[in-house]
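Those protein sequences? They're chains A and B, same order as listed. Numbered according to my numbering, the first sequence terminates at residue 187, and the numbering increases by one at each position without gaps. Numbered according to my numbering, the second sequence terminates at residue 187, and the numbering increases by one at each position without gaps.
Since the hints were made in silico from the structure, they are not lab data. Computed from a predicted structure; not experimentally measured. Careful, some of the hints might be misleading.
Since the list gives no way to pick out one identical chain from another, each pair is judged satisfied if it fits inside one copy or across any two copies.
Simulated crosslink set (DSS-like; lysine-lysine; CA at most 30 Å straight-line) [as the list claims (entries may be wrong)]:
1) K67 to K177
2) K36 to K132
3) K52 to K(-2)
4) K52 to K107
5) K111 to K67
6) K67 to K36
7) K66 to K111
8) K176 to K(-2)
9) K(-2) to K107
10) K141 to K66
11) K107 to K132
12) K66 to K128
13) K36 to K175
14) K52 to K173
15) K36 to K128
16) K132 to K176
17) K36 to K52
18) K177 to K52
19) K94 to K173
20) K66 to K167
21) K107 to K66
22) K173 to K36
23) K66 to K(-2)
24) K52 to K128
25) K167 to K16
26) K36 to K141
27) K128 to K177
28) K94 to K52
Protein chains: 2
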Amino acid sequence: MPDIKVTYFNGRGLGELIRYLLKYGDIDFEDIRIEMDNWPALKASTPFGQLPLYEENGKVASQSLAIARYIAKKVNLAGDDEWQNLEIDALADTLTDFRLKLYPFYHESDPEKKEALKQTLLSETVPYYFERFEKNITKNNGYLAANKLTWVDFFFATSLDSLTRILGVNVGEKYEGSSKLKKKLRNYLQLRHG
Amino acid sequence: MPDIKVTYFNGRGLGELIRYLLKYGDIDFEDIRIEMDNWPALKASTPFGQLPLYEENGKVASQSLAIARYIAKKVNLAGDDEWQNLEIDALADTLTDFRLKLYPFYHESDPEKKEALKQTLLSETVPYYFERFEKNITKNNGYLAANKLTWVDFFFATSLDSLTRILGVNVGEKYEGSSKLKKKLRNYLQLRHG
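Input sequences plus hints: build the corresponding full structure.
Encoded structure:
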């Protein structure tokens, strides 16, 4: 068994996806959680000043989606061929685009401007993306891509969690395919690790 | 030979990387370039309202880096093992993070604010990233990752071009490893396709 360490803040965020994938594959790892007080000292030693970090037998890598793709191959959550991997990767980068659209709202401190940004997210951005995610889920046997469970479904589930926390509204609930997919993942993780 | 089409705006941007990789591999493709007047009509038919699109034997995919990673495997510009692919993917996502830091400057219309953002980019953001890219290039035999030429080097070269166009300054010039790597790629493409 390789010696695996995952370093992230003491929260879910972008680290949760990596923890989920390792747990899914029953891969033991050291779950290192950094308190904000200790972050400045660690930051200078990271490749580009960011967490999560993934360490395997002493080698270190950064970037959550790159790490997730790597682990997915170990735990049989990648595509069956390269075209499926392309579909999975495209959905993952689309989810990142969507997450980035939440940042102006997340960082806005003026309450009026914040509320206006929230309304645009709820009435335009969320429907735009989720209507398209629903189409993918319908076409792919209940999953986002490749007709089967893959790592991008886990990224979707963790992104839905972040979205609910950030907006204070469970926006995925209204979308049948998204909602079912998220439940399926929760049950699956609970069955294996609950 | 598969029937391959690449659809992008009539410019370099995120489409250029895909065109480069296909040319590197001597893969014929239809280079479809959309004028802005025709974009609204096409936009609604794309998976998530974005270009580039990559079409192979009638199947369509979006997201430039997902497409680049897929083509890289065909043209021998991927890593030799999965850890190398992780390193390559992490660098690609780091380059995207860096590109995103240019957006507030790019979209700012107030000249004074724009100049202030430019100074921060030149004095802080660019040195932060490029000092780290230089370390990678020194460690990896003149390339960004995997000790050899890979698709992330092409993404680096096209990103340097974008950076120079956006900032109006050839910022890579000052950095020896980056500058050499870029020249190497140019020569290589010219040798094969010039």
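Taking the hints in turn, this is what the structure says about them:
1. With identical chains, the CA atoms of K67 and K177 are at most 30 Å apart within one copy only, with a shortest distance of 21 Å there and 35 Å across copies.
2. Proximity of K36 to K132 under the C-alpha cut-off of 30 Å is restricted to the inter-copy arrangement: shortest distance 21 Å between copies versus 42 Å within a copy.
3. Only within a single protomer do K52 and K(-2) lie at most 30 Å apart by alpha-carbon distance; the minimum there is 10 Å, versus 39 Å between protomers.
4. In the homo-oligomer, the alpha carbons of K52 and K107 never lie at most 30 Å apart, since the shortest distance is 42 Å inside one protomer and 40 Å across protomers.
5. With identical chains, the CA atoms of K111 and K67 are never at most 30 Å apart, being 39 Å at best within one copy and 43 Å at best between copies.
6. In this homomeric assembly, K67 and K36 come within 30 Å of each other (Cα to Cα) only inside a single copy, at 28 Å, whereas the closest approach across copies is 37 Å.
7. Taking the shortest alpha-carbon separations for K66 and K111, neither the intra-copy value of 37 Å nor the inter-copy value of 41 Å comes in at or below 30 Å.
8. Taking the closest pair of Cα atoms, K176 and K(-2) come within 30 Å of each other only inside a single copy of the chain (28 Å); across copies the shortest separation is 38 Å, beyond that limit.
9. In the homo-oligomer, the alpha carbons of K(-2) and K107 never lie at most 30 Å apart, since the shortest distance is 38 Å inside one protomer and 42 Å across protomers.
10. With identical chains, the CA atoms of K141 and K66 are at most 30 Å apart both within one copy (14 Å) and between copies (23 Å).
11. For the homomeric pair K107 and K132, neither the shortest alpha-carbon distance inside one copy (36 Å) nor that between copies (45 Å) is at most 30 Å.
12. Taking identical chains as interchangeable, the C-alpha atoms of K66 and K128 lie at most 30 Å apart whether they share a chain (26 Å) or sit on different chains (28 Å).
13. In the homo-oligomer, the alpha carbons of K36 and K175 lie at most 30 Å apart only across protomers (29 Å), although the nearest pairing inside one protomer, at 33 Å, exceeds that limit.
14. In this assembly of identical chains, the alpha carbons of K52 and K173 lie at most 30 Å apart only when taken from different copies (27 Å versus 38 Å within one copy).
15. In this homomeric assembly, K36 and K128 come within 30 Å of each other (Cα to Cα) only across copies, at 17 Å, whereas the closest approach inside a single copy is 40 Å.
16. Within a single copy, K132 and K176 get their C-alpha atoms as close as 18 Å, which meets the 30 Å cut-off; across copies the closest is 45 Å, which misses it.
17. Taking the closest pair of Cα atoms, K36 and K52 come within 30 Å of each other only inside a single copy of the chain (17 Å); across copies the shortest separation is 43 Å, beyond that limit.
18. Proximity of K177 to K52 under the C-alpha cut-off of 30 Å is restricted to the inter-copy arrangement: shortest distance 28 Å between copies versus 34 Å within a copy.
19. Taking the shortest alpha-carbon separations for K94 and K173, only the intra-copy value of 24 Å comes in at or below 30 Å, while the best inter-copy value is 36 Å.
20. With identical chains, the CA atoms of K66 and K167 are never at most 30 Å apart, being 32 Å at best within one copy and 39 Å at best between copies.
21. Taking the shortest Cα distances, K107 and K66 never come within 30 Å of each other, neither inside one copy (40 Å) nor across copies (44 Å).
22. Taking the closest pair of Cα atoms, K173 and K36 come within 30 Å of each other only across two copies (29 Å); inside a single copy the shortest separation is 38 Å, beyond that limit.
23. Taking CA atoms no more than 30 Å apart as the test, K66 paired with K(-2) passes in both settings, with 18 Å inside one copy and 29 Å between copies.
24. Taking the shortest alpha-carbon separations for K52 and K128, only the inter-copy value of 16 Å comes in at or below 30 Å, while the best intra-copy value is 40 Å.
25. For a Cα distance limit of 30 Å, the shortest separation of K167 from K16 inside one copy, 29 Å, qualifies, whereas the shortest one across copies, 45 Å, does not.
26. For a Cα distance limit of 30 Å, the shortest separation of K36 from K141 across copies, 28 Å, qualifies, whereas the shortest one inside one copy, 37 Å, does not.
27. In this assembly of identical chains, K128 and K177 lie within 30 Å of each other by CA distance solely inside one copy; the values are 18 Å within and 44 Å between copies.
28. Taking the shortest alpha-carbon separations for K94 and K52, only the inter-copy value of 28 Å comes in at or below 30 Å, while the best intra-copy value is 33 Å.
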